Amino acid sequence: MLYNRGMFIVLLFICAALCSLLVYPLWLFATTQALAYSITVGSLLVLALVFFCITRIKKHGAKSSLRVILHALTVIFALSLAALFVLNKQRVFALLSLIGASALFFLISRALKPTARELSSEND
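Using our numbering, you'd call the opening residue of the sequence shown number 9 and step up by one each time.
Any given hint could turn out to be false.
[Claimed, not checked] Mimicking DSS-like on lysine-lysine, the simulated pairs with C-alpha atoms at most 25 Å apart in a straight line are: (1) K121 with K71; (2) K121 with K66; (3) K67 with K121.
[What the hints assert, rightly or not] Restraint ranges, calculated between C-beta atoms of paired labels, are given here: (4) V58 with R13: 20 to 30 Å; (5) W35 with G108: 35 to 45 Å; (6) L87 with Y32: 28 to 38 Å; (7) V94 with K67: 33 to 43 Å; (8) Q98 with F16: 34 to 44 Å; (9) F16 with F114: 50 to 60 Å; (10) L53 with F16: 49 to 59 Å; (11) A119 with V54: 21 to 31 Å.
Calculated directly from the structure, the hints in this document are not laboratory data. Values in this document were obtained by computation on a predicted structure and should not be read as measured data. C-beta: ideal position from N, C-alpha, C; glycine also.
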């Protein structure tokens with residue numbers, strides 16, 4: 009029993025030390041050079057997004073991937089726009105933007121409706 013508690017404390021200390029080795033340089037970079045940090049993190053996020061889009065297109069085809077990407081962009085844009093309107097105390101416009109985004113989501117679903125062949129290839 010004492011061995012298990014001691015091992016737990018040692019593992020906890022090792023995890024804390026390794027996390028500190030990772031987090032401290034990032035924190036220091038973010039606090040000393042905020043603009044460079046923002047550009048670096050933004051660039052890495054864009055590169056990751058492009059990587060995931062390309063791998064999805066290779067795996068599922070362009071039409072299916074375009075549908076998913078447009079759906080995601082519609083949801084992100086609608087939620088961002090609604091939050092912006094709510095923060096500016098314009099709740100009616102926030103509601104209208106969400107309704108418009110729902111209509112756009114529906115139109116994208118109809119325009120890029122998958123065929124039976126595409127549905128069977130996604131299940132493979």
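For each hint, the structure was consulted:
no.	hint	in the structure
1	K121 with K71	holds (9 Å)
2	K121 with K66	holds (19 Å)
3	K67 with K121	holds (18 Å)
4	V58 with R13: 20 to 30 Å	violated (47 Å)
5	W35 with G108: 35 to 45 Å	holds (40 Å)
6	L87 with Y32: 28 to 38 Å	holds (33 Å)
7	V94 with K67: 33 to 43 Å	holds (37 Å)
8	Q98 with F16: 34 to 44 Å	violated (52 Å)
9	F16 with F114: 50 to 60 Å	holds (52 Å)
10	L53 with F16: 49 to 59 Å	violated (36 Å)
11	A119 with V54: 21 to 31 Å	holds (26 Å)
Violated hints for the displayed structure, listed by number in ascending order: 4, 8 and 10.
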